Amino acid sequence: MRSDLEVFILAGGKSRRMGSEKGLVNFHGEPMIARILKVLEELDLPVRIISSNSDYLEFGTPVYQDLIPDKGPLGGLYTALEISSAPKIILLACDMPSINIEALHKLIEMSNSEELIVATDGKTISPFFACYPNSIKADVKRAILEDKLKMLDFIYNHPHKILNLIAVGEREVLQNLNTMKELNEAENNSK
Numbered sequence: 344m345r346s347d348l349e350v351f352i353l354a355g356g357k358s359r360r361m362g363s364e365k366g367l368v369n370f371h372g373e374p375m376i377a378r379i380l381k382v383l384e385e386l387d388l389p390v391r392i393i394s395s396n397s398d399y400l401e402f403g404t405p406v407y408q409d410l411i412p413d414k415g416p417l418g419g420l421y422t423a424l425e426i427s428s429a430p431k432i433i434l435l436a437c438d439m440p441s442i443n444i445e446a447l448h449k450l451i452e453m454s455n456s457e458e459l460i461v462a463t464d465g466k467t468i469s470p471f472f473a474c475y476p477n478s479i480k481a482d483v484k485r486a487i488l489e490d491k492l493k494m495l496d497f498i499y500n501h502p503h504k505i506l507n508l509i510a511v512g513e514r515e516v517l518q519n520l521n522t523m524k525e526l527n528e529a530e531n532n533s534k
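This note's numbering puts the first residue of the sequence shown at 344, with every later residue one more than the last.
It should be emphasised that the hints constitute simulated quantities derived from the structure, not laboratory data.
Fair warning: there could be bad hints in the mix.
[Claimed, not checked] For lysine-lysine, the following DSS-like pairs were computed, each having C-alpha atoms within a straight-line distance of at most 27 Å:
#, residue 1, residue 2
1, Lys466, Lys504
2, Lys449, Lys493
3, Lys414, Lys493
Since this is a predicted model, take the numbers as computed values, not measurements.
I would like the entire structure built from these sequences, with the hints used as guidance.
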């Protein structure tokens, strides 16, 4: 098992638009987070979940609550960096059931840099399919204390590289499902 990289899945948030805990909602018959965890097994990396919901314990993966609560995804990133003993972490979201091993390998290949690595689908960049060096932990905490909580603003203010998932044929990986309508459409499109 590699010791230079750990994986964290953000499974917090209010899930208002989905109507229930997003990571636990079924996609093709199994919870979205279960699909992600299955893919991650192939990497042989330590995996942890950041969530205040103890239901995630059923998956046998350690679950941690935000160390600084109610700060959104940036708070989750800070918690992951604080908990991690690795020099870098991969940060994923629980509502991205199309994550696959090929895209993760591309992200890991780029992770040899000290810069942030974020993926794009050609439209936007995703802070939730990304690699963050632990060296930014103090900057993340400072942003939280200054109430500058937008993940994209944080990324744009730090040196970063972009993994173009279109170029490697993996655009659908970044699709995050926030509503039942989006989930149903994604299920119908991936049959």
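So, going through the hints one by one against the coordinates:
1. Lys466 with Lys504: holds (16 Å)
2. Lys449 with Lys493: Holds - the C-alpha atoms of Lys493 and Lys449 are around 25 Å apart, at most 27 Å.
3. Lys414 with Lys493: Since the Cα atoms of Lys414 and Lys493 sit roughly 10 Å apart, the hinted pair holds (cutoff 27 Å).
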